[in-house]
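For the record, the sequence lines run as chains A and B.
Position one of the first sequence corresponds to residue 15 (the working numbering), numbered consecutively onward.
Position one of the second sequence corresponds to residue 39 (the working numbering), numbered consecutively onward.
Some hints here could point you the wrong way.
[To be verified] Have a look at the derived ranges for each label pair, beta carbon to beta carbon:
no., chain 1, residue 1, chain 2, residue 2, range
1, A, Y247, B, L235, 40 to 46 Å
2, A, G251, B, G359, 22 to 28 Å
3, B, I88, A, Y137, 31 to 37 Å
4, A, I180, B, L227, 56 to 62 Å
5, A, I180, B, L235, 56 to 62 Å
6, B, F344, A, I176, 43 to 49 Å
7, B, F339, A, Q243, 29 to 35 Å
8, B, L227, A, G251, 30 to 36 Å
9, B, M161, A, G144, 42 to 48 Å
10, B, A241, A, P214, 43 to 49 Å
11, B, L85, A, I95, 51 to 57 Å
12, A, G252, B, T199, 19 to 25 Å
13, A, Y191, B, T299, 38 to 44 Å
[Stated by the list, open to error] Take a look, some chain A residues computed to stay more than 10 Å from chain B by CB distance:
no., residue
14, I39
15, V91
16, V92
17, A142
18, C182
19, L188
20, T192
21, S241
22, L279
What the hints contain is simulated information worked out from the structure, not anything from laboratory work.
Virtual Cβ for every residue (Gly too), placed ideally from N, Cα, C.
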Amino acid sequence: MILILALGVGTINHSFWSVSTVFDIFRNSFVNLIFALGVLVVLASGGIDVSFAAIGIFAGYATAVIFLRSRIEVSVVVPFIVAAAMGLILGLANGAVIATFRLPTLIVTLGTQGIIRGALLLYIGAKALGQLPDALETLNRIDLLRLQLPNGDLARLNIMLIPVVILCVLTELLLRYTVLGRGIYAVGGDVESARRAGFPVARIQLFVYTFVGMLAGMAGMAHVALSRQANPYDLVGGELNVIAAVVLGGASLFGGKGSVLGTVLGVILISLIHNCLILLGVPSFWERATIGLLLLIGAAAQALGNLRQPTMNTVATGAVR
Amino acid sequence: MSSFVFSRDFTSRLVSPLQRNRSTLRLVVITLLLLTAFTIFSPVPFLGVINFQSMGFQVTEVALLSLAMMLSMLTGGIDLSVVSIMNLSAIMTAKLLAANRVPAGAWGPLLLCIGAGVGVGVMCGVLNGLLITRARITPILATLGTMQLLNGIAIIWTRGTSVLVSQDDFINIGNGTIAGIPIPFAILLVTSVAVALLINRTALGVRLTLVGANPTAARFSGLDNNRVLLLTYMTSGFLAAVAGIVIASRSASANPDYGATYILLAIVIVVLGGVNPYGGYATVGGVVLAAICLQIVGSGFNFMRFSLFAYEIAQGLIVIGVLVIDGLTDRGIFRFPLWPKKRRSRDVAGSTPGEENDPVARE
Chain A
15 MILILALGVG TINHSFWSVS TVFDIFRNSF VNLIFALGVL VVLASGGIDV
65 SFAAIGIFAG YATAVIFLRS RIEVSVVVPF IVAAAMGLIL GLANGAVIAT
115 FRLPTLIVTL GTQGIIRGAL LLYIGAKALG QLPDALETLN RIDLLRLQLP
165 NGDLARLNIM LIPVVILCVL TELLLRYTVL GRGIYAVGGD VESARRAGFP
215 VARIQLFVYT FVGMLAGMAG MAHVALSRQA NPYDLVGGEL NVIAAVVLGG
265 ASLFGGKGSV LGTVLGVILI SLIHNCLILL GVPSFWERAT IGLLLLIGAA
315 AQALGNLRQP TMNTVATGAV R
Chain B
39 MSSFVFSRDF TSRLVSPLQR NRSTLRLVVI TLLLLTAFTI FSPVPFLGVI
89 NFQSMGFQVT EVALLSLAMM LSMLTGGIDL SVVSIMNLSA IMTAKLLAAN
139 RVPAGAWGPL LLCIGAGVGV GVMCGVLNGL LITRARITPI LATLGTMQLL
189 NGIAIIWTRG TSVLVSQDDF INIGNGTIAG IPIPFAILLV TSVAVALLIN
239 RTALGVRLTL VGANPTAARF SGLDNNRVLL LTYMTSGFLA AVAGIVIASR
289 SASANPDYGA TYILLAIVIV VLGGVNPYGG YATVGGVVLA AICLQIVGSG
339 FNFMRFSLFA YEIAQGLIVI GVLVIDGLTD RGIFRFPLWP KKRRSRDVAG
389 STPGEENDPV ARE
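In isolation and in its complexed conformation, chain B is listed as follows (with noise of 0.2 Å):
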């Protein structure tokens, strides 16, 4: 029985890293080969400046929510709420700006309402992991129950309709350039880094991966997994409200249903990014090139005059395509169990199927 699980840990061993480079060299060749095939086929010239601009402005609302929901499934678990968590920050922002009327120029007032939108996402974060942790209600529930809460409660707060935004220097966030590059573009390449710092250089973002990859050891490392667990989905809670911002000073408005579809997209982006959806690897570097992948995606279909169902049709090929390779190429390794389960104490010799992965995420 040992060597059995020696040999396992062993091939693990070998073979995570040839997954991990595997992974994100194949999301590179990926991209260069949809932006190939889009400059050929695209009636309107596909690679030029005005392009990748506007697309830098698209992908970083949903490239955001990937972040949030790489975070709760490097835990093993996964956040469902991160596009109502997204709608209602937004929604606070714009309504403490409309009240208020902020003028241009008044950065501070600016601030502190963009402060109380990041806050309520932060908040809300906190709701999921006291569910989570406390109630001891699964993530995927819990996210389901707090998305339609949210949603709810944005609802009523709007009455169903949209908030608006006419302050000039918000506005500018979302749709102004630096040296050519949009602003919110910035704010992702820096969210991102700042993210992958997180993960890979602090303690917290250490423990955040161990509790994912193997939960029970963890527990027995003296680590305190409900804590982790809470400042995890605290962190989502606030990429989710960023993403809000965002998208509340691009499109001048908030709206509590705004992004129904970025939920599958999220969830797509993260698995094309490599992330492994039982907890435990992930990089920052894959889900922000997947994240920008399906952004060429969406734009090339868009050129070539496809229709959105069409690009809905392709999310969903494009993660079971991913999810069945990955199976497919680690088979007899990589035993996806059938759902994750919460470990109760598994002391079948040998056994404890897609816990080999290496809980070290490198950028």
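If we strip away everything but chain A, and leave its shape as in the complex, we get (with noise of 0.2 Å):
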């Protein structure tokens, strides 16, 4: 299905089939991809996060906050490092309230997100930092390859593409292959039998929310070092549209399903939309709208899907997409 619209929308316009643009929208993914990754876990355990968003974004400032302001020399793996672990432990306070109480996630992760970005902008500061550490200005100049095009362009494959593929096939195996995995699709089936079958919910939840956070704040990292300013007004808002693609991705927002191919095709799909309404020429504010439609219309199709299956098969058989 996705495939369909990608070639759809590509015969439209003919500057799409270039390279550049396939790298200029992998480019785009990488940010959303992260993200998505870490949605991916909570939405097949049956839960939603909101608050990634504010996660990122947090760390990814800050991080760039305490680099630039103590001038330490690094090298360009440090800063992700700092703020993965900053995300690994926002994660792990959303996943701890979560576990302990069973609170409904929604309402728990819009809280986080209002605190957590309240607490940035009243805190660590509402300016938009236009310079970054040089450890990660650097990042924007590494490529993993060059291409010079017939026409004079210069293609770039941003090095980012290395550590986001190493992330999803470390999610994959995750998901698929270990007991954690299997636990995870198990909770987000039916919470209930997954208690009684022996998994340790609790702890199942608290890794979720830990994984998703410490993935949100690389995201937050690769942000602000792709866009080349830590502006802390960025990123929250567009929660939807990670959703957005996981659910497209064929994760089901009940739990129990969803595979990274699918999540990895999503975000390339949101992009692709993204980057085919610029070069279509439509105004920017039809973006909303249609990510909204293609929602819905994604949505309906895959719970209309579901009712045409018997409903016991989701719960056993873990990452059946």
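Make the complex out of the two chains shown on their own, each in a separate frame, by following the hints.
Now the structure itself:
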């Protein structure tokens, strides 16, 4: 389904078919994809997290501020680790509250989002920073592939592709081949059943939200690096695009379903639409409506498809797409 | 097994009235505490007619949204699109007023424009309802989608700008007072009473609550769940539209992105007001009181020169705090399940977590 859409959109505009566009789409997708991997895990566990964007920008901005102020010379990797650690702690808080008190995940993460964003803007700073620590600046200049095209353009595939791919693979391994992964899907399928089957539900949930927090931290750092500025007002508001992407990729909001491949395709699709709208010259305000519409269509298709399947299948079969 | 079920029922029936009274009582206590605290700590006099009046003006919008949210939560779902519906209705009314240059004193056309705005809200509600009942999309996802879609439509319609209104009568609605009471607040009171009557005294209201408390039982009782849900989201849309009209009138403009922070605020209010997010229990009085409470917090923060961001933090803390306290105090009796599931036929003996709520709401 996704491929059809891609082809369809592509044929409308011929300048679409160029390597640099493809690389552009990839580059735009990186941040969302990292977020999406986390969201996938959360959705698979039957919960929802809307605070990941806030966690992301918090981690990204705070890390940037730390390294700018202290002027420590570090390699590129360190800020990411720091940001991931921040995200991890925040996600841990989320998970602790949700798992211990068994609260509705939407509301808790909505609250957390408010707290984190408020804390960021209030205590750490509300100004956009245009200058990043040197380590992060270099990230923009390192390319994986550089192709000189016939028409003289330079197509650059950013190095970030490597870490992103690694994360995807790791997530896939986690979901499909570990007991924890099966546990996540089981909890998503039916909490009570999972609990009675012996899965440590609280610990699984704790892990899930910590995981998404950690990924969010990394994604936020990536965003800051790739967009060459640290703007604390960024990212929040874009949660929907990520959630839409994950849902379009096949994850069910009820949990128990979803795969990394689907998520990747979903994120690419969203980026595709974003790019295509620009290429087609459609004013940017159509984008929100389009994504909303797509989300609804995708969700409807999925829900109606669910009706035809006997519902028992989704619980025990784990990583079924 | 049956005695296990019996004792659960019994304890829940015992606890329900306690919980019901307790949450309203708790709210009153909190409100009074807040008022005293702010009176003491505020550099500028807090208890004053002007302040109360201005709070009365401001509280209406969010309170109406919270009522809309409450309705959808009663049925066990949620309506995340209320803010978008609100803005869309406001834009509709504003555009009509601007396009037709309705003069002051022409109440007929004015009411028509307002009616159109409200109509838009109801239609959006219908859209939500259809998506949830016909397309079988879960409420969260459906309203998430409509939130985006309607917001997008509003942006497209206004090209991202605000629509200004200059019709005096209309503006008076939002900014005038009757006998010292701000008109918007009066609208809120009237609407609350209407909603309370709807929930408690009409057949629809009871059905609504039952569908939320136990959809399977409702279906087996012969209720048409789909129709009830449709009507619920329609009413929710209606309330959101009224909120939009109030906003348009008060600020003399309509903007597609207004009130982005209201969703969190509405949910905080609803939770504080004692509504069970899984459906089946809510009081209008609780929600309105909670709205007033949070308005006091907001105004108080303003008086004490706390930043807006502190307000956001406070909202998050409040909602989580209330949930935690509720979860803690009712532990062992009200065990919140992880996530409101579509009830497949759960014949697991003796265990249907989260369904012990007494499906009767009281004012």
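Does V91/A clear chain B by more than 10 Å, comparing its Cβ with all Cβ atoms of that chain? holds (32 Å)
Using the Cβ atoms, figure out if F339/B sits within 29 to 35 Å of Q243/A. Between F339/B and Q243/A, where Cβ atoms are some 30 Å apart, the hint holds.
At the C-beta level, are G251/A and G359/B separated by a distance inside 22 to 28 Å? holds (25 Å)
Separation of C182/A from chain B, once the least beta-carbon distance is taken, above 10 Å: Given that every Cβ of chain B is farther than 10 Å from that of C182/A, nearest at about 24 Å, it holds.
Is the claim that I39/A lies outside the interface with chain B correct, judged by CB distances over 10 Å? The claim stands: I39/A keeps its Cβ more than 10 Å from every Cβ of chain B (closest is about 21 Å).
Satisfaction of the hinted span 19 to 25 Å by the C-beta atoms belonging to G252/A and T199/B: holds (22 Å)
Could you check the hint for me, namely that L227/B and G251/A are 30 to 36 Å apart, CB to CB? Holds: the Cβ-Cβ distance is about 34 Å, inside 30 to 36 Å.
Just checking, A142/A versus chain B, shortest CB gap more than 10 Å? Consistent with the label, A142/A stays out of reach of chain B, its closest Cβ about 16 Å off (over 10 Å).
Between I88/B and Y137/A, is the Cβ distance one that fits in 31 to 37 Å? holds (32 Å)
In terms of Cβ atoms, is chain B entirely out of 10 Å range of T192/A? holds (21 Å)
Range hint compliance [Cβ, Y247/A to L235/B, 40 to 46 Å]: holds (43 Å)
Does S241/A sit more than 10 Å from chain B, CB to CB? Check passes; 21 Å lies beyond 10 Å.
No hint from the list above goes unmet by this structure.
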